[in-house]
Each structure stands twice: as structure tokens, then as C-alpha cells.
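Q: Below are the chains, spelled out letter by letter.
Protein chains: 2
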Amino acid sequence: MALVVQKYGGTSVGTTDRIKNVAKRIIKTYDAGNDLIVVVSAMSGETNKLVALANEICDIPDGREYDVLVATGEQVTIGLLAMCLKSMGYKAKSYQGWQVPIITDSSCTKARIESIDDKNIRADLKEGTIVILAGFQGIDSANNVTTLGRGGSDTSAVAIAAALKADVCEIYTDVDGVYTTDPNVCKEARKMEKISYDEMLELASLGAKVLQIRSVEFAKKYNVDVHVRSSLNENTGTMVTREDKDMEGILVSGVAYDKNEAKIAVMGVLDKPGIAARILTALSDANISVDMIVQNVSSAGMTDFTFTVTKSDLKQAQIITNEVAKEIHAKEVVCDENISKISIVGLGMRSHAGVATRMFTALAQNGINIQMISTSEIKISVVIDEKYTELAVRLMHETFGLAG
Amino acid sequence: MALVVQKYGGTSVGTTDRIKNVAKRIIKTYDAGNDLIVVVSAMSGETNKLVALANEICDIPDGREYDVLVATGEQVTIGLLAMCLKSMGYKAKSYQGWQVPIITDSSCTKARIESIDDKNIRADLKEGTIVILAGFQGIDSANNVTTLGRGGSDTSAVAIAAALKADVCEIYTDVDGVYTTDPNVCKEARKMEKISYDEMLELASLGAKVLQIRSVEFAKKYNVDVHVRSSLNENTGTMVTREDKDMEGILVSGVAYDKNEAKIAVMGVLDKPGIAARILTALSDANISVDMIVQNVSSAGMTDFTFTVTKSDLKQAQIITNEVAKEIHAKEVVCDENISKISIVGLGMRSHAGVATRMFTALAQNGINIQMISTSEIKISVVIDEKYTELAVRLMHETFGLAG
Numbered sequence: 001m002a003l004v005v006q007k008y009g010g011t012s013v014g015t016t017d018r019i020k021n022v023a024k025r026i027i028k029t030y031d032a033g034n035d036l037i038v039v040v041s042a043m044s045g046e047t048n049k050l051v052a053l054a055n056e057i058c059d060i061p062d063g064r065e066y067d068v069l070v071a072t073g074e075q076v077t078i079g080l081l082a083m084c085l086k087s088m089g090y091k092a093k094s095y096q097g098w099q100v101p102i103i104t105d106s107s108c109t110k111a112r113i114e115s116i117d118d119k120n121i122r123a124d125l126k127e128g129t130i131v132i133l134a135g136f137q138g139i140d141s142a143n144n145v146t147t148l149g150r151g152g153s154d155t156s157a158v159a160i161a162a163a164l165k166a167d168v169c170e171i172y173t174d175v176d177g178v179y180t181t182d183p184n185v186c187k188e189a190r191k192m193e194k195i196s197y198d199e200m201l202e203l204a205s206l207g208a209k210v211l212q213i214r215s216v217e218f219a220k221k222y223n224v225d226v227h228v229r230s231s232l233n234e235n236t237g238t239m240v241t242r243e244d245k246d247m248e249g250i251l252v253s254g255v256a257y258d259k260n261e262a263k264i265a266v267m268g269v270l271d272k273p274g275i276a277a278r279i280l281t282a283l284s285d286a287n288i289s290v291d292m293i294v295q296n297v298s299s300a301g302m303t304d305f306t307f308t309v310t311k312s313d314l315k316q317a318q319i320i321t322n323e324v325a326k327e328i329h330a331k332e333v334v335c336d337e338n339i340s341k342i343s344i345v346g347l348g349m350r351s352h353a354g355v356a357t358r359m360f361t362a363l364a365q366n367g368i369n370i371q372m373i374s375t376s377e378i379k380i381s382v383v384i385d386e387k388y389t390e391l392a393v394r395l396m397h398e399t400f401g402l403a404g
Numbered sequence: 001m002a003l004v005v006q007k008y009g010g011t012s013v014g015t016t017d018r019i020k021n022v023a024k025r026i027i028k029t030y031d032a033g034n035d036l037i038v039v040v041s042a043m044s045g046e047t048n049k050l051v052a053l054a055n056e057i058c059d060i061p062d063g064r065e066y067d068v069l070v071a072t073g074e075q076v077t078i079g080l081l082a083m084c085l086k087s088m089g090y091k092a093k094s095y096q097g098w099q100v101p102i103i104t105d106s107s108c109t110k111a112r113i114e115s116i117d118d119k120n121i122r123a124d125l126k127e128g129t130i131v132i133l134a135g136f137q138g139i140d141s142a143n144n145v146t147t148l149g150r151g152g153s154d155t156s157a158v159a160i161a162a163a164l165k166a167d168v169c170e171i172y173t174d175v176d177g178v179y180t181t182d183p184n185v186c187k188e189a190r191k192m193e194k195i196s197y198d199e200m201l202e203l204a205s206l207g208a209k210v211l212q213i214r215s216v217e218f219a220k221k222y223n224v225d226v227h228v229r230s231s232l233n234e235n236t237g238t239m240v241t242r243e244d245k246d247m248e249g250i251l252v253s254g255v256a257y258d259k260n261e262a263k264i265a266v267m268g269v270l271d272k273p274g275i276a277a278r279i280l281t282a283l284s285d286a287n288i289s290v291d292m293i294v295q296n297v298s299s300a301g302m303t304d305f306t307f308t309v310t311k312s313d314l315k316q317a318q319i320i321t322n323e324v325a326k327e328i329h330a331k332e333v334v335c336d337e338n339i340s341k342i343s344i345v346g347l348g349m350r351s352h353a354g355v356a357t358r359m360f361t362a363l364a365q366n367g368i369n370i371q372m373i374s375t376s377e378i379k380i381s382v383v384i385d386e387k388y389t390e391l392a393v394r395l396m397h398e399t400f401g402l403a404g
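Top to bottom, those sequences are chains S and B. For the first sequence, the working numbering gives the first residue as 1, with consecutive numbering after it. For the second sequence, the working numbering gives the first residue as 1, with consecutive numbering after it.
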């Protein structure tokens with residue numbers, strides 16, 4: 001007998017028929033003799049509907065009330081799923097965040113879980129009750145409802161698994177697991193059997209949107225094995241877990257791409273301290289996140305300063321950058337939307353030299369110019385012309401032998 | 001400066017534009033120097049949508065989970081209304097039932113309020129915050145979400161007004177107040193300036209669906225003045241309040257009708273103890289409510305036993321009654337759907353004789369046969385052929401001079 005946490009996303013519970021299917025899957029696990037905590041998201045589309053209502057009311061909804069509003073999505077699902085299980089003759093009980101309670105900080109719309117009281121849930125499990133928990137939500141110390149940000153149900157699942165020391169945390173989604181790259185781009189893409197937390201973090205932040213980043217951080221911190229698998233079949237998925245010796249031998253485990261960024265280059269800037277900070281401060285004041293940042297070596301006391309933002313922020317970022325550029329007497333500001341970011345991720349990079357060389361050579365041999373480079377301990381990202389995205393992904397997949 | 005409780009029903013908050021209008025009305029009251037608690041219902045149609053989802057899942061949804069589900073309707077409204085007020089520059093804060101907390105018994109789907117802790121709300125009011133409270137919901141002593149039954153937001157409003165000793169409880173609805181009868185049936189119908197709790201109770205239970213019955217009981221118990229008025233204009237509505245000397249002088253204050261009942265007559269029953277109980281027990285076991293009950297005097301040891309049920313229960317009630325009738329050797333069971341109940345209500349009946357006579361005479365003079373009669377201290381109800389409903393209502397209105 002094991003304690004299993006299962007999480008079902010919005011698509012898996014998108015209709016009442018699908019909720020009935022999820023109930024059947026839950027019962028299978030329960031009847032096999034397991035204790036079971038099930039975390040669910042809002043029915044697909046519901047959160048968007050609620051957000052749309054808020055936007056009809058005002059441009060910038062108050063955070064506390066926004067959370068009160070959007071937390072209803074998950075509440076609907078837990079009520080429906082619990083009544084479904086009960087109608088099938090099983091003991092089940094729904095929990096909202098405040099009923100556990102799941103205590104978070106007070107950062108509305110993107111709260112962080114601080115602690116989970118497991119007393120109530122343990123008592124229910126002991127009585128053979130299937131616990132159905134609303135994902136994405138908690139309360140702060142002043143009894144305000146908080147939410148954990150988009151995809152927060154993944155984090156709820158991992159956090160409850162950590163708090164109750166579950167044997168496994170299964171994340172059910174509409175894909176079979178984590179792939180070496182996007183199967184839509186590269187036919188040879190292969191489902192990984194397992195992947196380390198760090199690699200998953202890099203892949204998640206690079207656009208492989210299988211798990212919320214924070215859930216992986218949580219899993220890493222508390223050593224929770226996360227099994228990403230499909231709710232549509234019984235196949236084994238991908239285990240996100242602590243690294244082992246096998247993993248270290250692999251140079252590159254995955255290739256990610258992101259077409260959602262744009263490049264802004266501030267050309268002809270005087271190379272003196274404080275210039276970069278000035279530009280970045282102006283952007284962060286406007287709540288614009290900057291991803292890659294590159295500054296070339298100085299030539300004749302002048303330098304170029306280049307960075308990327310998400311495409312939806314480009315217009316505003318351009319206006320702000322132009323203003324600052326004028327103040328600091330930069331020569332010009334050049335923007336480019338037609339870029340994409342290609343990243344390779346692998347634990348083996350730590351100990352093996354030459355990975356970057358192999359990457360850059362393969363791209364050069366195929367006439368793909370590299371516009372920006374950024375590296376971390378286990379990741380190399382390059383910005384290239386958007387039209388080469390798919391070609392570059394397939395090249396990397398082949399170069400590093402990911403088809404297996 | 002007064003403490004005002006305002007309650008807005010589903011129609012008044014049915015769209016985001018209407019919520020904005022409600023916000024403006026709230027601000028007007030607040031800016032006039034009042035402390036303000038606002039109770040809201042779910043946006044019109046929302047509760048029905050949620051109930052439909054539950055019915056898709058199973059035939060008889062579990063009560064606890066049903067309440068978790070339907071309580072989301074009001075939660076959506078409080079979030080939207082509070083963020084609307086904040087975006088207009090006012091201090092506002094939403095409250096769910098558990099955040100107050102409003103403690104109820106554990107009768108899911110029809111819970112009764114047991115106590116209200118006013119500490120949190122008082123602290124907010126003291127700081128000049130407009131309190132926005134989800135109607136219809138509470139929690140029981142085990143932290144389960146409960147709901148108060150259809151129309152329960154009225155009760156929430158009256159209860160919070162009682163707990164905080166508010167100066168007035170305003171119930172905003174889509175009608176101008178309480179009328180002497182249905183204006184659609186009788187053009188002379190007149191809006192009443194005030195009406196006693198007891199009269200309102202009789203009128204509410206007789207089909208004048210302006211206020212939930214339980215809210216009136218609550219108002220009576222705690223002496224809360226309830227002002228029923230329109231959210232579409234600034235007109236004074238009807239004050240539901242404790243009786244005074246003026247009221248006692250009025251023989252009949254209102255005329256109600258109900259076309260939603262059906263009659264079942266068990267003919268030729270042996271007149272001995274326990275027969276009526278046997279029929280009624282069988283019905284209540286099947287959760288069927290019986291309204292009027294009449295038993296004629298015995299003739300040759302035999303009697304007829306007649307009662308009414310709501311039309312939607314007729315089929316099932318008929319099957320059950322037929323079974324019992326067989327067991328007790330009744331002669332036959334006769335059903336009639338084409339009936340309606342006409343009622344006159346007035347405090348003056350207590351002290352003035354002859355009201356029934358005037359009612360029956362007026363009906364007889366117009367060829368309307370009375371099939372059943374039932375009376376209370378301040379009410380006389382008769383069952384007549386459905387086709388005479390409107391005529392009978394107008395007759396009563398005229399007979400007792402209600403046009404004023």
C-alpha cells in the first residue's frame with residue numbers, strides 16, 4: 001500500500017464526462033490498495049472566463065479579489081469530482097486550500113506555499129477517504145484566499161506530496177511525458193524515461209510547458225519523485241527525479257525552442273558603469289521581464305547592449321528603451337521580432353568540454369547565423385533567425401544523438 | 001451616520017455592467033456617510049448552470065459537495081464587486097461565509113444560521129472599508145461549506161443586519177416593493193408602504209416570492225426592519241417591520257394566488273384514527289410536502305380526505321396515495337390539476353369577524369365554487385377552479401378595498 005498523489009489538469013477534467021473518466025482512473029488506483037490524494041485544476045476554459053470577467057470590470061484588478069474570483073474554478077471541479085466518486089459508492093471529500101489549510105505568503109496571484117497542515121487530510125486518509133484537493137489555491141496568515149499563479153496546481157500537487165511524504169506524485173496531462181524535443185518539430189523526438197530536476201527546470205523555463213517551474217523547484221527541494229504521464233492511456237510517462245550516475249553521462253538530454261521572444265539592441269552606448277542597470281531598471285519598473293542579456297566587448301569605449309523580452313512586451317519595451325537611449329546618447333535602438341531561441345540542456349555539460357563547439361559547428365555548417373549566446377552550467381541557448389527554428393531543433397537532436 | 005446592509009439579487013448583478021451600476025449605488029450610500037455591508041447573490045443564471053453540471057454528474061448529488069459547488073456562484077460576484085469598488089478608489093473587501101465566519105448547522109443545501117462572529121467585519125467597518133459578503137453560504141462547526149437554500153441571500157442579509165444591529169436592511173430586487181396583489185393580474189394593485197412580519201410570512205409562503213420565508217422569520221425574531229426596494233430606481237419600497245396599531249385596523253392587506261398546486265382526494269375512507277397519518281407519512285417518506293389538508297365530517301362512518309401538493313410532485317404522490325388507498329380500502333382516489341389557491345392576509349382578521357363571510361359571498365355571487373378552505377389566524381385560503389384565478393384575485397382586491 002502506497003500513498004499516491006495524482007494531479008489532473010484542466011483538459012482532463014474539461015467536461016463532466018471527462019470527470020467521470022478521471023473518477024474511474026482514481027478508483028482503479030484506490031481499489032489496488034493505495035491511499036489517494038487527488039489535486040485538480042479548473043475545467044479547461046473556466047479560468048480564462050473568470051479572468052475575462054475581471055477584465056470587463058477594470059484594467060488592473062485588485063490582487064486579493066482577483067484571487068477570490070479565480071479560485072472558484074478549482075472549487076467547481078473538486079465539488080463535481082467528489083460527488084462523482086460518492087455516487088459511485090466511494091468515500092471522498094473535497095478540500096479547498098483554506099480547509100487543509102495550505103498556508104502561503106501574501107503575494108496575491110503568485111503566492112508561495114509556506115506550510116501545509118496535514119492533520120485533517122491524514123485523518124480522512126486513515127478512514128479510507130479519497131481526498132480531493134483544489135489545486136492552485138491557499139490562504140495567507142490573515143485568512144485571505146491566495147492563488148499560486150498559472151499552472152499552480154502542479155505546485156499544489158508536489159507540495160502536498162512533500163508534506164505527506166507521498167510515495168509518488170503523478171501529474172496527468174495530455175501528453176505522454178517529457179520528450180527530448182517537440183515531436184511536432186522533430187519526428188525522432190523520444191519520450192524520456194527519467195530526467196533530473198535541474199534539467200527539467202531548464203527545459204520548463206525554455207518553453208517545454210509540461211510542468212510549472214515552481215513545482216519542479218519544490219520537487220527538487222523536497223526530493224519528490226514526479227511522474228508526468230498521460231490521462232488518456234496507461235503508459236508509463238517520464239519520472240522527474242534526483243540525478244543519478246546514468247544521467248551524468250548524457251551530454252544533452254533535451255532540445256527546447258522558444259519563438260515567443262523579441263530582441264532589442266541598443267547600439268553605440270558609452271561603455272561605462274551603470275548604463276545596463278539604467279535600461280533594465282526602467283524596464284522592470286514597467287513590469288517587463290528581460291530574458292537573455294548580452295553585452296559585447298568594448299570597442300573604442302563604445303559597446304552594444306542587447307536583450308530579449310517576450311513578444312507581447314516588445315512595443316512597450318521599445319518605447320521605454322528609446323527614451324533611455326536618448327538620455328544616455330546611444331546611437332540607435334534596433335528591434336527584431338523574427339528571432340527564436342534554441343537551447344540544449346544536459347547534466348553532462350558540467351564535466352564534458354566541447355558541447356558548445358559541437359552546437360555552434362553544426363549550426364554554422366547549415367548556414368545558421370548565431371545572433372546571441374547565453375549559457376548556464378547545464379544549458380546553452382542561442383538566438384537565431386526565426387525561420388531556421390525547426391531546422392536547428394532537428395540538427396541539435398541529431399548532433400547529440402537524442403533519438404537514442 | 002448609520003449602519004446599512006444592502007442586498008442585491010442575481011438580476012441586479014447579472015452582468016459586469018450591472019455590477020458597475022450596483023457599485024455606483026453603493027458609493028452613493030457610502031459617500032452619504034454610512035457604514036455599509038453589501039450582500040450579493042450569484043450572477044443570474046449562474047446557480048442554474050452549476051446545478052446543471054451536478055445533475056450531469058449524478059442523479060442525487062451528495063449534499064456536502066453540492067454546497068461546495070454552488071457556493072462558487074456568490075464567490076464570483078463578491079470578487080468582481082469588490083475589485084470594481086477598489087478600481088473606483090474605495091476601500092472594499094470581500095468575505096466568504098467561512099471568512100466571517102457565519103456558522104450554520106450541518107443541513108447541507110438548506111442549512112440554518114446559528115451564529116455570526118462580527119469581529120472581523122466590525123474591524124473593517126471601523127477602518128472605513130465597504131464589506132462585500134457572499135450571500136447564501138456559511139460553514140458548519142466542522143468547517144464544511146453549507147448553503148441556505150434557494151433565496152438564501154435574503155436570509156444572509158437579514159442575519160448579518162441582526163448580528164451587527166444595523167439600522168436598516170435594504171433588499172434590492174427587480175420590483176418596486178411588496179404589492180397588495182400581483183399587478184399583472186390586477187391593475188389596481190398598490191405598493192404597500194409597510195407590512196408586518198406575520199403578514200409577509202403568509203404572503204411569501206403563498207407565492208408572493210419577494211423574500212425568502214426564512215429571512216422574514218429571522219427579521220421577525222431579531223426585529224430587523226427590512227426595506228424591499230428596486231435596484232432600478234430611487235423609489236421608496238415597502239418596509240417589512242413589526243406590527244403597529246395602524247396595521248391592526250386593516251382587515252386584509254394582500255391577496256395572493258398559487259397555481260402551482262394540485263389536489264388529491266381520497267374518497268370513502270373509514271373514519272377511524274390513524275388513516276390520515278398513514279397517508280401523510282407515506283408522502284413525507286418520499287419527501288413530498290403537503291400544503292392544505294381538509295377532512296370532511298364523517299357521514300355513516302365514512303369520510304373524504306383531501307390535500308394539495310405541488311404540481312411537480314403530483315405523479316409520484318398519486319402513485320403513493322393509490323397504494324395506501326388500496327391498503328385502507330378507500331373507495332377511490334381523485335386528482336385534479338386544474339385548481340388554484342386564493343388567499344387573503346391581514347392582521348385585522350384577528351379581531352374582526354365576518355371577513356370569511358365577505359370572501360365567500362363575493363366568490364359565490366360570481367359563480368365561483370369553493371373546493372377547499374383553510375384558515376390561520378391572519379389568513380384565509382380557498383381552492384377554486386384554476387380558470388377563475390384572475391377573476392377571484394380582482395374580486396378580493398375590490399371587496400376589501402385594497403386599491404386604497
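Treat the hints with care, as some may be off.
As the list makes no split between identical chains, a pair holds if one copy fits it or if it spans any two.
Subject to a maximum C-alpha distance of 27 Å in a straight line, what follows is the list of computed BS3-like cross-link-like pairs (lysine-lysine) [to be verified]:
hint, residue 1, residue 2
1, 126, 91
2, 28, 194
3, 110, 28
4, 49, 191
5, 326, 187
Just so you know, the hints here were simulated from the structure itself, not pulled from any lab data.
Q: Hints first: check each against the structure and report whether it holds.
A: Verification of the hints:
Taking the closest pair of Cα atoms, residue 126 and residue 91 come within 27 Å of each other only inside a single copy of the chain (12 Å); across copies the shortest separation is 45 Å, beyond that limit. Only within a single protomer do residue 28 and residue 194 lie at most 27 Å apart by alpha-carbon distance; the minimum there is 24 Å, versus 61 Å between protomers. In the homo-oligomer, the alpha carbons of residue 110 and residue 28 never lie at most 27 Å apart, since the shortest distance is 34 Å inside one protomer and 34 Å across protomers. In this assembly of identical chains, the alpha carbons of residue 49 and residue 191 never lie at most 27 Å apart, being 33 Å within a copy and 40 Å across copies at closest.
Proximity of residue 326 and residue 187 under a CA criterion of 27 Å is satisfied in neither setting, with 48 Å inside one chain copy and 75 Å between copies.
Hint check: violations occur at hints 3, 4, 5; the rest are consistent with the structure.
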